[in-house]
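Novice: Start from the sequences and build out the full structure, keeping to the hints where you can.
Just so you know, the sequences run in chain order A and B.
Read in UniProt numbering, the first sequence has 278 at position 278, and its numbers run on one by one without any break.
Read in UniProt numbering, the second sequence has 356 at position 356, and its numbers run on one by one without any break.
Don't read these hints as lab results, they were simulated from the structure.
Here the structure is a predicted model, which means the values were calculated and not measured.
Backbone N, C-alpha and C define an ideal beta-carbon position, used for all residues, glycine too.
Hints should not be assumed to be uniformly reliable.
Listed below are several chain A residues computed to face chain B (Cβ distance under 10 angstroms; list not exhaustive) [stated by the list, open to error]: (1) HIS17; (2) ASP19; (3) ASN196; (4) GLU286.
The lines below spell out each chain.
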Amino acid sequence: MNARAEPQLLGQLSNRHLDALEEEAIFVLREVAAAFERPTLLFSGGKDSLVLLRCAEKAFGAGRIPYPLLMIDTGHNFPEVTQFRDQRARELGAELIVRSVEDSMKRGTVRLAHPGESRNVHQSVTLLEAIEEFRFDALIGGARRDEEKARAKERIFSHRDGFGQWQPKAQRPELWTLFNTRLAPGEHFRVFPISNWTELDVWQYIEREAIELPSIYYAHQRPVVERRGLLVPVTELTPPREGEEVITRTVRFRTVGDITCTCPVESPAANAAQVVLETLSVEVSERGATRMDDKTSEASMEKRKKDGYF
Amino acid sequence: MDALKFITCGSVDDGKSTLIGRLLVDSKAVLADQLAGVQRSGETDLALLTDGLSAEREQGITIDVAWRYFATPARKFIIGDSPGHEQYTRNMVTAASGADAAVVLVDATKLKWQDAGPELLPQTRRHTLLVNLLRVPSIVFAVNKLDAVADPRLAFGHIRAALERFATAAGVAVRATVPIAALKGQNVVEAAPGWCGYEGPSLLQLLEQLDVTAAEAGAAFAFPVQWVEKFSSSSDTSQGRRVFWGRVAAGTVQPGQAVTVLPSGQLATVAQVLDHVRQPRPGVAGHSAGIVLDREVDVSRGDWLLAPGAFEPRRELSATVAWLDEEPLVAGRVYWALHGHRWVKAKVRRIVHRLDVNTLAEAEADQLEPNAIGHVELALQEPVAALPYARSRTLGALVLVDTASHKTSGAVLVR
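Specialist: In structure tokens:
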């Protein structure tokens, strides 16, 4: 990562727009609480869901978030993140529901093509099973439109059919802030309160609000191998390949997800203010720098969303 | 300065996605890997930066709005890249409904620019009428592809005159008409003084100067109740009452103010006003507020708190409707209507006429086809505190929802 930015940039950087973004997110979070019977908030312990949770605390008052948190566990999570997730849920007094891909595999609803396959795409199956089990009618997520081109097309209230599918060619018009939340039985909505935030906004907000994050978001030493321009973390699940040299680098994660498809970036940034500065000067997008699974096809995100992925 | 939300619109292939790509690239909002992703046979295809759906790339058209974000040293921008195809007008209306500004693109190469009065394309007219109807505060014409015509100065002069004539006839106030070449970038970010005989700011410089939509703070107070928060203990608020959360649609609210509740008609006094993060602060139009009343009155989600005497709730609405569904609007049918957070049944009494977007003539009709604009009379099951859309973008707007398919079918602008 290129840290060309001068420290004084931080002083000039206005964060007044964060109030408007926060207000919009809170408006949407309250709309979900009022318009749906069984909503849930997707909570991974990652930075975007922690930002959402902060907005929810403000929307409903501390300790009063009116919906459970839901985590779809691939079984391949960074332990720092899982521990942090459980600790945050406890602190907030929120109900945390965890459903795992492992259980879907035991039921036979998920079959891996080979044992080493990334479980990331299979989360959709487990997610849809959880929706059916709890009859959720709205799932709040921390996705942002700046993450990816298919996401940039999505409504704030995104309708899903009985198979959990997104139909990009037939999205409901979203006029003014008159949200049409009407559903037929079996259908649900995915709701994105921080749609209009960028990666920089998220980090500015984390800095302003002093939101605590899992430690791996900040600089730490980690054994990695270089593979196709990415720094692949060396773990039990992602061992080095034949001929690859394991090196230790000072890295941080820009996104956290499934271990098998999330890569860190080289960075000395040890706190949110330093990450804000770095984000100002990055030359590669968040997903481009960190995701192995998005590189396979231009339309991979769209395809997965059509299959019920978040 | 607040972020400016603007949309690009106009006919297919007028270069909307390319223009946005150009703005993003020239303002360095596109990162290396994203730029690498839009290389086709060694050339950069700027349109591919926003056309993110596979069907869009297959067909080479924009189907739905892509929201993109960029910033210059002067301000932040949110752009809605909206589709040009008539078939996807609903998505263009979606983008326009909340926009502060609209850039209507016109492709110079598609017009008979040698003529003194070249005829405009139907979609140019349609989109201009729609953004004007939706009261997008600033409308800018951008005449594109002037690098590809033999005599750019003559072409720009003739096309500008035709646009101005059309705008005047349609009663559309146009902020500026700007010549550009989105593909090469002329006059998009950097001004090109004298090019095409134009001496004004570049398109981006112009956008940096536009105002964001002013909230209706000076109007009578109106507040749609979004969510009712009940407290079981009395320690949460001074008297243990309920907090009515929502966004102030018009006017301001502070403690001591009298309000009347729609539909019950009960009167109460405001005891406390909280801002969106629960701090005591007067509520102003456009912002979220939490209101505590001085007495127990029946208020639920969907009700309105209003300045007493300032509104005459109506059960009959005369409205302009932009029809967005594939199923036509049919006289006699009942739809759901949403006003604020309030759902009421709405029956289409009569279709007064359909607007011909080319001639602006009013034609007789007994139904409104997809993407048609018409004048309709609606009868509502219960009264609503609606104002003409021309007076209030918040109180004058409703959506119609199909009771069977639940699709958002129509944008309703109260006349």
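Novice: Would you mind marking each hint as holding or not holding in the structure?
Specialist: Here is what the structure says about each hint:
1. HIS17: 6 angstroms, holds
2. ASP19: 9 angstroms, holds
3. ASN196: This interface hint holds because 6 angstroms falls under the 10 angstroms limit.
4. GLU286: 9 angstroms, holds
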